[in-house]
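Colleague: Sequence:
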Amino acid sequence: MTPVKDTRIVIMAGGKGTRLRPFTVSLPKPLVPVGELPILEILLRQLYKTGFRKITLTLGYLGGLIEAYLSQAKGPAKEMEFTFVHEGEPTGTAGSLGLVEKLDSTFIVMNGDILTDLDYLD
Numbered sequence: 003m004t005p006v007k008d009t010r011i012v013i014m015a016g017g018k019g020t021r022l023r024p025f026t027v028s029l030p031k032p033l034v035p036v037g038e039l040p041i042l043e044i045l046l047r048q049l050y051k052t053g054f055r056k057i058t059l060t061l062g063y064l065g066g067l068i069e070a071y072l073s074q075a076k077g078p079a080k081e082m083e084f085t086f087v088h089e090g091e092p093t094g095t096a097g098s099l100g101l102v103e104k105l106d107s108t109f110i111v112m113n114g115d116i117l118t119d120l121d122y123l124d
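The numbers in the numbering used here rise by one with no breaks, and the one at position 116 of the sequence shown is 118.
Honestly, the hints are just simulated from the structure, not real lab data. Be careful, since some hints might not be right.
[As the list claims (entries may be wrong)] Derived BS3-like pairs: lysine-lysine, alpha-carbon spacing no greater than 27 Å straight-line: (1) Lys-7 x Lys-76; (2) Lys-56 x Lys-80; (3) Lys-80 x Lys-104; (4) Lys-51 x Lys-80; (5) Lys-104 x Lys-51; (6) Lys-7 x Lys-80; (7) Lys-104 x Lys-56; (8) Lys-18 x Lys-76; (9) Lys-56 x Lys-18; (10) Lys-76 x Lys-51.
[Claimed, not checked] Estimated spans, in silico, between C-beta atoms of each pair: (11) Pro-35 x Lys-104: 26 to 36 Å; (12) Asp-106 x Lys-51: 33 to 43 Å; (13) Pro-24 x Asp-121: 32 to 42 Å; (14) Gly-37 x Ser-107: 31 to 41 Å; (15) Leu-117 x Glu-81: 14 to 24 Å.
No experiment lies behind these values; they were computed from the predicted model shown. Glycine included, every Cβ here is placed at the ideal spot set by N, Cα and C.
Work out the full structure: start from the sequences and follow the hints.
Modeller: Structure (structure tokens):
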């Protein structure tokens, strides 16, 4: 089995978030705050705490804002390795995964707008 630190996490972060308007007019869903932190920051802290370090984000709508946010990362995200995949047009989950290069046989796919208390190691 692939060690946790080497397991790739693919975060789908390309949707327009129409159901969350007006918040998503100027922010992609993963950057919408829940309390004091954006959803993405909460996810990254959970993943870091579990030992994951390699993160690929599939980006679409306002994806540049996510890249900018992570380029100024503080805390745990500063110690994570990020790669970005840009969708020209919305392609859905399968289409986005098809754009990710060099996926190993073991990886985790998650949405960038869902919070959970799931134990990622189970």
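Colleague: For each hint, tell me whether it holds in the structure or not.
Modeller: Results for each hint:
1. Lys-7 x Lys-76: Cα-Cα ~19 Å, so holds.
2. Lys-56 x Lys-80: Holds: Lys-56 and Lys-80 sit about 12 Å apart, inside 27 Å.
3. Lys-80 x Lys-104: 23 Å, holds
4. Lys-51 x Lys-80: Given that 27 Å is the threshold and the Cα spacing comes to 13 Å, the pair holds.
5. Lys-104 x Lys-51: Between Lys-104 and Lys-51 the Cα gap is close to 25 Å, so the pair holds against 27 Å.
6. Lys-7 x Lys-80: 15 Å, holds
7. Lys-104 x Lys-56: Answer holds: Lys-104 to Lys-56 is near 13 Å, not above 27 Å.
8. Lys-18 x Lys-76: The given pair, whose Cα atoms are some 26 Å apart, holds under the 27 Å limit.
9. Lys-56 x Lys-18: Given pair Lys-56, Lys-18 holds - Cα atoms ~25 Å apart, limit 27 Å.
10. Lys-76 x Lys-51: 15 Å, holds
11. Pro-35 x Lys-104: 26 to 36 Å: For Lys-104 against Pro-35, whose Cβ atoms are near 33 Å apart, the range 26 to 36 Å holds.
12. Asp-106 x Lys-51: 33 to 43 Å: 22 Å, violated
13. Pro-24 x Asp-121: 32 to 42 Å: 35 Å, holds
14. Gly-37 x Ser-107: 31 to 41 Å: About 37 Å separates the Cβ atoms of Gly-37 and Ser-107, which means 31 to 41 Å holds.
15. Leu-117 x Glu-81: 14 to 24 Å: Holds: the Cβ-Cβ distance is about 21 Å, inside 14 to 24 Å.
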